[in-house]
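S.K.: Let chain F serve as the given structure and place chain C on it in line with the hints.
Heads up: the sequence lines are chains F and C, in that order.
Just remember that our numbering sits 1 ahead of the position in the first sequence, which is counted from 1.
Just remember that our numbering sits 610 ahead of the position in the second sequence, which is counted from 1.
Hints listed in this document are in silico derivations from the structure and should not be mistaken for laboratory results.
For every residue, glycine included, the Cβ atom is placed at its ideal position computed from N, Cα and C.
Any given hint might turn out to be false.
Unchecked claim - Far from chain C, some chain F residues (derived; all Cβ distances over 10 Å): (1) Leu53; (2) Gly87; (3) Val212; (4) His311; (5) Gly314; (6) Gly330; (7) Leu397; (8) Thr402; (9) Phe437; (10) Glu473; (11) Asp524.
Stated by the list, open to error - No more than 20 Å apart at the CA atoms, straight line, and that leaves these computed lysine to any residue pairs for SDA-like: (12) Lys62(F) with Val637(C); (13) Lys409(F) with Gly640(C); (14) Lys63(F) with Asp639(C); (15) Lys511(F) with Val637(C); (16) Lys276(F) with Phe521(F); (17) Lys62(F) with Leu629(C); (18) Lys62(F) with Val626(C); (19) Lys62(F) with Met632(C); (20) Lys511(F) with Gly635(C).
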Amino acid sequence: MDILQICIVIVVLLLLVKPVGSYVYHVFSNEENRTDKIFGPVEKLLYQIIGLKNRSSMSWKKYALSMIATNIILVAVSYLVLRLMGGLPVNPNQTGNMEASLSFNTVISFMTNTNLQHYSGESGMSYFGQMIVITMMMFTSAASGLVIAIAFIRGVTRRGGGLGNFFEDFVKAHTRLFLPLALIVTLVLVGLQVPQTLDPNVTVNTLGGAVQHIAMGPVASLESIKHLGTNGGGFFGVNSAHPFENPRPLTNVIEILSMWTISASLPYTFGRFAKNRKQGWIIFSAMMVLFLAFLSLTYFSEKSGNPLIHDLGINSTQGSMEGKEVRFGVAQSALFTTVTTAATTGSVNNMHDTLTPLGGLAPLAEMMLNVVFGGKGVGFVNMIMYAILGVFICGLMVGRTPEFLGRKIESREMKLIAIAILAHPLIILAPTAISFMTHLGTDALSNPMYHGLSQSLYEFTSSAANNGSGFEGLGDNTVFWNVSTGLVMLLGRYVSIIALLGVAGSLSRKQPVPETIGTFHTDTKLFGGILVGTVLLIGALTFLPVLVLGPIAEYLTLR
Amino acid sequence: MMDFLMVITLAGVFGVFLLFLMWCGHVVDGGGENQ
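Here chain F stands alone, though its shape is the one from the complex:
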């Protein structure tokens, strides 16, 4: 029954990939299509409001600058709102202003699509903050990531003509994709009893005679975009484990598919742009192979349970249920965990800190690789980065200038790709090491053994991958953790985006190389295998030592 549940969700995803991938292609191909009649008038009005008269295509530098400038303005406005929240309207629960370092962490977290929450939504955020800062940034950060992927795809599949117009793409991502989908998912969730209200918290007298305040609010509207935009976090501190966010197995499946579908469809969109759908399916297959490997590791580790508990004579036939919701069980918890860290969403429906050692290793490894479907747009771009690295390595082995999609890969592209690949482990491993050199870091750990290392490692890995989930035994709402993870989130987001847009800009200028008998084709199963091998090889070389010190050592102590 467990395996059947998982298989049904994967089959539904496979059925959605082609239509959603085609729709995304039509939205951004700038060719006339049927949706123009529906969304065109609204977009024209928005272009007039923002003063966008010239929608000409931009160079990669102008595209990157436009994205960064837009993000800076959103960060500034959001920081002000959080610092002044106590005096702003729509605050029936009288929530106070957010502290400065926590505001710093929160605005970075939501602008970088990480949604790491060092605050608890029930007590630390007013309804105004939830709607104007949190929900707004969930739309804009998702749109920012998606349009970067689209610009990158244009760069590697077209010749000349720039990467498109950032502002036009940004508006279209909202009007044609995220807003309509969020509206539909919100209404479905409301129909399945997820609250959507501006009423204050409900105060009740319990059977034991105590007074309890039950948190409410505009939950469904946040819940929909937090998954559609692979944002993560949640209205409540425990995210989708809370019965108001995720009341039943059906909502769990809807939330899994919401965060997975667009990310999984981008390889097909890429195939449409490249006029080679087989190329798209090869990229998708490589991602799915990695995903299924990590899902198997999580599911079977959790299903096996903790041998020490079993030795105590306690019935553990259900598997390791610590930190899990009974209404979801091991299968739907393992699937949610694997998808939320693959698509780097980061919302949780079970507590990752209580996963078994190998069950916790899988989400950690997915974020370290950062290519298993990946966050909105950026995960796909990272996978193409590894594809280019793969053809480069193959070119070195046969003594031939490497080519990708008919363009020569030269030193300038490899310099930028090397920076993007090496930045990720650097901003994970260095801060993790620093956190153990000061009591500011070690004071936050709730476990003195190997799991303590995993807690710190997970926090920085989640920040660097712009995921946002955590091993929440870590006491992370301190200035040290707020600032350090804030900086890691920024570096994890923008360094790779700038470098890879540079690669796209460089490739778009190049003359296509005529295909010969010696051309290495990248739309074959052989290349799919090379791609998976390249990802695993780089990942193992950079992260295996620290994984041995953390979850693997913890696993061995249980045997």
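M.R.: Positioned in the frame of chain F, the structure of chain C alone reads:
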């Protein structure tokens, strides 16, 4: 004071990103390559 530190930190990091973008532009234009 804390607000000032946070804003300065944010401005500094985004400043570094702009410098990095300029350096990437230099690389894409062929800067630093052996002729």
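S.K.: Of all the hints given earlier, name the ones this structure violates by number, lowest first.
M.R.: none
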